[in-house]
Amino acid sequence: MSSSIRSAAVSTAIPEHSTRDTHRWLALAVLLTGTLLPPLDFFIVNVALPAIRTDLKASSDVAQLVVSVYATAYAVTLILGGRLGDLYGRKRAFVGGMLGFAAASALCGWAPSPAVLVVGRLLQGVSAAVMAPQSLASIHALFPTAEKNRALSLYGATFGLASVGGQLLGGVLVSANVLGLGWRSVFLINLPIIVVAVPAALILLRESRGERSAKLDVPGALLLATGLLALVIPLIEGREQHWPWWCVALLMVSAPLLVSFWRFERRQEQRGNTPLVYPSLLRAPGLQRSLTATFFFYWLAPFFLIFAVYEQVGLGHNALATGFAILPLGVGFLLGPLCSPRLAMRMGTRTAALGMLCEVLGALIACILALTHAPAWLPAPLFLIGLGQGIALPALVRLNVDQVDPRWAGLAAGLVSATLQISAAVSTALVGGLFFTLAPDGSGARLAQAGFAFATLVIGAALALAAALSWRQAQSHA
Numbered sequence: 304m305s306s307s308i309r310s311a312a313v314s315t316a317i318p319e320h321s322t323r324d325t326h327r328w329l330a331l332a333v334l335l336t337g338t339l340l341p342p343l344d345f346f347i348v349n350v351a352l353p354a355i356r357t358d359l360k361a362s363s364d365v366a367q368l369v370v371s372v373y374a375t376a377y378a379v380t381l382i383l384g385g386r387l388g389d390l391y392g393r394k395r396a397f398v399g400g401m402l403g404f405a406a407a408s409a410l411c412g413w414a415p416s417p418a419v420l421v422v423g424r425l426l427q428g429v430s431a432a433v434m435a436p437q438s439l440a441s442i443h444a445l446f447p448t449a450e451k452n453r454a455l456s457l458y459g460a461t462f463g464l465a466s467v468g469g470q471l472l473g474g475v476l477v478s479a480n481v482l483g484l485g486w487r488s489v490f491l492i493n494l495p496i497i498v499v500a501v502p503a504a505l506i507l508l509r510e511s512r513g514e515r516s517a518k519l520d521v522p523g524a525l526l527l528a529t530g531l532l533a534l535v536i537p538l539i540e541g542r543e544q545h546w547p548w549w550c551v552a553l554l555m556v557s558a559p560l561l562v563s564f565w566r567f568e569r570r571q572e573q574r575g576n577t578p579l580v581y582p583s584l585l586r587a588p589g590l591q592r593s594l595t596a597t598f599f600f601y602w603l604a605p606f607f608l609i610f611a612v613y614e615q616v617g618l619g620h621n622a623l624a625t626g627f628a629i630l631p632l633g634v635g636f637l638l639g640p641l642c643s644p645r646l647a648m649r650m651g652t653r654t655a656a657l658g659m660l661c662e663v664l665g666a667l668i669a670c671i672l673a674l675t676h677a678p679a680w681l682p683a684p685l686f687l688i689g690l691g692q693g694i695a696l697p698a699l700v701r702l703n704v705d706q707v708d709p710r711w712a713g714l715a716a717g718l719v720s721a722t723l724q725i726s727a728a729v730s731t732a733l734v735g736g737l738f739f740t741l742a743p744d745g746s747g748a749r750l751a752q753a754g755f756a757f758a759t760l761v762i763g764a765a766l767a768l769a770a771a772l773s774w775r776q777a778q779s780h781a
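Counting in the numbering used here, the sequence shown runs from 304 upward without gaps.
Errors might be hidden in some of the hints.
Pair ranges (Cβ atoms, derived) [said to hold, decoys possible]:
1. A624 to H545: 28 to 36 Å
2. A552 to G575: 31 to 39 Å
3. H545 to N621: 28 to 36 Å
4. C642 to A764: 24 to 32 Å
5. A624 to L674: 37 to 45 Å
6. A479 to V422: 36 to 44 Å
Since the hints were derived computationally from the structure, they do not count as laboratory data.
From the three backbone atoms N, C-alpha and C, an ideal C-beta is built for every residue, glycine too.
With the hints as extra help, turn the sequences into a complete structure.
So this is what it looks like as structure tokens:
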């Protein structure tokens with residue numbers, strides 16, 4: 304970090320924590336709504352896609368876009384969302400993002416055609432990217448060091464609840480057909496939540512920001528979004544489209560665009576302007592390594608998709624049963640963050656590596672059970688995977704965010720969240736592509752079981768790499 308950033312950080316660190324907010328735990332409950340909704344809406348559509356395709360007469364490509372366009376829009380605008388909170392106020396950005404998310408959810412819920420639904424999902428992703436980083440940045444600003452582990456543990460538990468509960472809730476809503484809404488209810492359920500959350504946010508949240516009188520780096524934001532879109536879209540759509548020329552072309556231009564973005568940001572910082580990402584900030588000791596660990600940590604994201612296909616094709620279960628089958632992972636994900644603070648007191652920064660090793664063990668056992676046709680024992684490794692994810696997530700978040708001053712909390716939160724979402728998009732394309740190559744549409748149960756086993760093994764290998772990187776980072780701080 305450059306001396307100018309260090310000196311500016313010192314001058315702004317004290318105001319962030321000097322006055323303790325007496326309503327901070329109630330404010331946390333509101334902020335966790337912004338943590339809950341984005342991953343919930345990523346996973347909730349998995350089990351609803353068959354009903355969406357039937358009702359809207361959508362092709363498989365369009366159905367894939369319903370998932371991928373949300374993930375892509377979310378990933379490419381998360382850093383921008385974090386900076387919006389830093390520059391214009393985290394409370395303002397949080398409420399604005401939540402209102403936009405409500406409008407986009409209504410558009411999805413009442414979509415008359417596949418095209419409108421895809422547009423709604425695009426707007427959902429952008430709104431979620433404005434809303435989500437404010438939660439983590441505000442936690443960093445609101446809570447003193449002694450309470451931060453507990454707050455981040457609740458953040459991790461909420462993330463886990465959304466990730467696993469999304470598939471279960473989707474199955475329940477589609478099966479219950481509440482008010483005859485069918486699949487539309489998976490989007491419209493967001494509206495009553497937001498109707499309660501927005502007034503609560505206006506009352507309970509206190510405004511915080513990283514900078515005043517700074518301008519948003521619009522050219523940098525556009526360069527980053529274009530470069531990431533050129534990378535992510537081919538990775539998501541390439542296999543489905545049989546790698547047409549435009550997918551290859553986009554991949555080829557993605558690297559030059561991202562290099563141009565980095566050079567532009569360096570020039571902005573050297574001129575004393577306010578770039579979207581401070582290159583000198585990324586030179587903070589260990590931050591690049593911890594962000595790389597974060598990238599491989601979230602290669603668990605495609606597990607939810609391949610598990611749903613494995614349950615329905617490999618084991619012959621329906622959507623509701625598939626939603627319930629993932630529950631052991633959800634229980635572990637909820638318990639893990641509650642154990643994380645005590646583990647952190649004993650193991651310190653090595654806690655993240657411990658959680659990831661627990662996930663690796665669960666992935667290996669799940670792989671063996673799929674190959675030996677023993678699905679009755681799957682709840683045990685699923686619980687281990689969820690427990691490890693729940694332990695590792697808050698520890699890994701803190702490993703990243705605590706390396707920067709609170710002044711840059713929004714940017715750090717955006718970097719962490721963007722890394723997670725880019726990881727989700729890339730790993731879903733690569734691991735999902737591998738799975739569907741081994742078990743294409745129309746294949747039998749045996750191929751689905753083998754594909755699940757091999758893809759799970761690849762996920763376990765990525766988690767092992769993330770554990771090694773985070774352990775090395777922890778050792779460097781010891």
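Are there hints from earlier that the structure breaks, and if so, what are their numbers?
Hints 5 and 6 are the ones this structure does not satisfy, whereas the remaining hints hold.
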